[in-house]
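Residue numbers (this note's numbering), protein chains in the order written: chain A, 1 to 222; chain B, 223 to 466.
It cannot be assumed that every hint is accurate.
Below, computed lysine to any residue pairings styled on SDA-like, alpha-carbon distance capped at 25 Å [to be verified]:
no.: 1; chain 1: A; residue 1: 52; chain 2: B; residue 2: 237
no.: 2; chain 1: A; residue 1: 48; chain 2: B; residue 2: 463
no.: 3; chain 1: A; residue 1: 109; chain 2: A; residue 2: 84
no.: 4; chain 1: A; residue 1: 48; chain 2: B; residue 2: 225
no.: 5; chain 1: B; residue 1: 459; chain 2: B; residue 2: 337
no.: 6; chain 1: A; residue 1: 51; chain 2: B; residue 2: 447
no.: 7; chain 1: A; residue 1: 45; chain 2: A; residue 2: 166
no.: 8; chain 1: B; residue 1: 297; chain 2: B; residue 2: 376
Covered stretches of chain A (chain B as the covering partner; in silico rule of three or more C-beta atoms under 8 Å from a C-beta of chain B) [as the list claims (entries may be wrong)]:
no.: 9; stretch: 68-79
no.: 10; stretch: 156-162
no.: 11; stretch: 184-191
FYI, nobody ran anything at the bench for these hints, they're computed from the structure.
These numbers come from a predicted model, not from an experiment.
All residues carry an ideal CB built from backbone N, CA and C; glycine is no exception.
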Amino acid sequence: MGTIDFIIQNYADVLFLTWEHIFMVGISLIIATAIGVPLGIVITKNEKLAKKVINGANVMMTVPSIALFGLMMPVLALIGQGLGKTPAIIALILYSQLPIIRNTYVAIKNVSPSARNAGRGMGMNRWQLLKEVEIPIAIPVIVAGLRTAAVMNIGIAAIAAYVGAGGLGVYIQNGIDRVYPEMILAGALLVSIFAILVDAGMALVERVLTPTGILIQKKVSE
Amino acid sequence: MNAALKKIYGMLVALLLVAVGIGLQKTGTVALFSDPYDYPELIRLLWQHLYLVGVSMAIATVIGLAVGIILTRPKFRAYTGVVMYVVSLGQTIPSLAVLALVMTFLGIGAKSAIFALTIYSTLPIARNTLAGINAVPSSIIDAAKGMGMTTMGILWQVEIPMAMNVILTGFRVALVINVGTTALAYLIGAGGMGDWIFTGINMMMTDKLIAGALPVTLLALLADFLIEVLRVLLVSKGLRMTEE
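Only chain A is shown next, with the shape it has when bound in the complex:
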């Protein structure tokens, strides 16, 4: 019960740290989407480039997060941003690229040629085809990519507490340093619950954004 007491006693602090966590994950997800989705769409036109971009994002993903923070610190320190939220947000944007780009690419590639032809037959131009046909069909998979990225980012943002980015990881960091189990548990539990909630929330978004036509089709095929 100590953990719950701890959270209740420090609720203002908990709210602030949660807000910091949401802020970091949210802003990086928005920027990552703005980069990743267009990039994923562009590379569907160029197989060679697609392979290179996805491989690059894959290598990026392989780099352990704490090592990335470590390697970025000296570089960002040159502009006086070695510690704090800047390295955290940059890292989160970089890590989000693989799930977002890959899902966008795969989803757009998998739009059936017949749907595309139907759109063309209706006199749609390239842009309309993308906006009215390809993106709506691809949206569930794209959102699934965002969901993966968001959940992963929550975990990495927790580690970012060690480079002074704040967020709920601060409780884990301080708790371990002070051998204060209630604090560690509070941090670990809150981060986990946050991740699980976001996962469930994004699953809901996925369902809401799926066009009704596709939902009906799925039901019929089941």
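Assemble the complex: chain A is given as a structure, and chain B must be docked to it using the hints.
For chain B alone, coordinates are given in the frame of chain A:
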């Protein structure tokens, strides 16, 4: 046009490498790597890191494969949904939180770190084993039955080889995450390369920071490469040919 672009690209890469080289020299990382006192320490930490990764991955592979295989047997198939749900829920929990949670119950040291790493690595392996075996077309299993193969024979000679590619993907995810999470194991007193990274951050010693982060990064990339090698060795020739 294209040739000119390639030249510019090559020059940029060369410039970047030179800049990284100057950076490594200026921050004193090169000196650190060749320091008579620090160099043995680096080797010791690297071994510690590899030990944590090796032990936890070995246990996780055995448990993950076993869980995946058992859950695809007809008797236990009913529980597949529940177990998959728990596994994906477990994967949602951040790695640092898993380490912290385990530490509050088991205390500090290598044992708790190995325990946390093992649980965390088991999830992707079990999940992919299950998904891989379930994805084997029933027609192939029927064909094997028609040839008079026993259940065990079907498992070892048909289902596992067919699922190997997916299993290896799960293994790759587990291994890469494991190498990265082991860097955090320092926080719960298990040592490893995280020692230098966190010391570097806390004391603003750039040389130590880079000397810790660089080997971990290379280790993760090496692990990724290792899986590609395993793929060539373990996935049957026929399957690789149909893929291409």
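So which of the earlier hints does this model not fit?
-> 3, 5, 7
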